[in-house]
Amino acid sequence: MPNARRVMFGTYVIPTQSVEAEEASIRHTEFQASPNGTLGGKGVATINATQWADDWTSMSHWLSDLWEEVGTEWEAALSPTWENFGTGSGDVTITTTASDHQLSDDSNDLAFLYIKNTGADNNCLVSLNGSSGNFYMIVPPNGSVHLRGDGTDLECNEVYVQSNTSTTTIEYVIAKE
Amino acid sequence: MATTYKVRYKNHCVPQEQIASGGRYYLDSDCGRKLTGNAETSATLADSDAGSSGGTLTTGVAISGITEIVTAGSNADFVYVKNTGSEDVLVTLDNSNYVILLSEGEAFASEIHVDSNVKVKPVSGASTIEHFSET
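Taken in sequence, the protein lines are chains A and B.
The opening residue of the first sequence carries number -5 in the working numbering; numbering runs sequentially from there.
The opening residue of the second sequence carries number 15 in the working numbering; numbering runs sequentially from there.
No lab work stands behind these hints, which were simulated from the structure alone.
Heads up, a few of these hints could be off.
To be verified - Simulated pairs of lysine to aspartate or glutamate, EDC-like, Cα-Cα distance not exceeding 16 Å:
#	chain 1	residue 1	chain 2	residue 2
1	B	LYS135	B	ASP102
2	B	LYS135	B	GLU101
3	B	LYS48	A	ASP147
4	B	LYS135	B	GLU82
5	B	LYS135	A	ASP85
6	B	LYS24	B	ASP44
7	B	LYS135	A	ASP144
8	A	LYS36	B	ASP102
9	B	LYS24	B	GLU54
10	A	LYS36	B	GLU118
11	A	LYS36	B	GLU144
12	B	LYS48	B	GLU31
13	B	LYS48	A	ASP144
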C-alpha cells in the first residue's frame, strides 16, 4: 500500500474555425477570433492512499493481479483459457441502461474522476447525481473528461455512465477523498 | 463562404503514488500509465451562414456569488471554465448541484447536453474565472 496518492491533471482546448477559400472548395483551419489561441489549466488532486476498492481504476482488473483472491475454483474462474486472465486494458463495456453502470458503490466523498470513451462510434454520457439524474456531460469517442469533487456533496456512488445508443467502452479512475 | 466552428480538446491525468513518506512520486501501479483523451466536438458547431460567429472567450469575470455562464435553453454544446482567482470555485451543469471543484489554475472542459445550465460560485469570498462556450 502506498504512503500517499495524487493525480496530476490538465486541460487543453483549441477553438478552431474552418474557412472556405474564395473560389475553390478548399478549406483551411485556423484559431477562432476569440480567443485566437489555446486555453487550458492544470492542477493536482490529492486522493486517499487507501482507495475504496481495487477497481477504483478500470485498469486494475480483478483477475489481473489478485491471484490469491481467485479462490479455490480458479480453474473455473479462468475457464476456458489463460487468455481470459485479464488484459489490464481498462476497457469496460457500457450500454444504454444507466442503472447497470454505477462506477462505484462507495459512499465516501469523491476526490477525482476521469472517464475516457475508448469506443469508436457512440458517446458516453455521465451523470453526477445518480442513475435518474442529469446526464449532462458528453464524452465523444476518444474524448475524455475529468473533474475534482467538491469534497462534501458529491459521493463516489453518485457517478453513473451510459452509452447514448447501443454500446461503447470506457476507461476510468474514480478516487475517494 | 461558410465558416464552421469546432473545438479540439484534451483532458489528461497522471495518477501517482508515493511509496515512502517524503519520497518521490511514481506512476501509480494500479493504473500503470498516463491517461488522456483527445477529441473534437462531435457535431460541427453552428456555421457563419447560420448567423454564428463562433465562441467567445470571456476573461477576468469577477464572481462573489452565483454567476451564470451557460444559460438554460441556449443549446450550448461545449463549455470551458477556468479558475483564474485564488479562491476555490464550484461549478454546476444543472443549476443545482455545485459538485465540480476548481482551485486556482484548474480548468474544466466538456461537451455538454443542450439543456445544461452552467453556473459557478466561489466556495467563499470572491474569485475570478474565464470561460468559453459554443453553440
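Here is what the structure says about each hint:
1. B:LYS135 x B:ASP102: holds, 9 Å
2. B:LYS135 x B:GLU101: holds, 10 Å
3. B:LYS48 x A:ASP147: violated, 28 Å
4. B:LYS135 x B:GLU82: Measuring from Cα to Cα gives roughly 9 Å; hence the hint holds.
5. B:LYS135 x A:ASP85: Measuring from Cα to Cα gives roughly 35 Å; hence the hint is violated.
6. B:LYS24 x B:ASP44: violated, 23 Å
7. B:LYS135 x A:ASP144: holds, 12 Å
8. A:LYS36 x B:ASP102: holds, 14 Å
9. B:LYS24 x B:GLU54: Cα-Cα ~9 Å, so holds.
10. A:LYS36 x B:GLU118: holds, 9 Å
11. A:LYS36 x B:GLU144: holds, 14 Å
12. B:LYS48 x B:GLU31: Satisfied, since the Cα-Cα distance of roughly 13 Å is no more than 16 Å.
13. B:LYS48 x A:ASP144: violated, 24 Å
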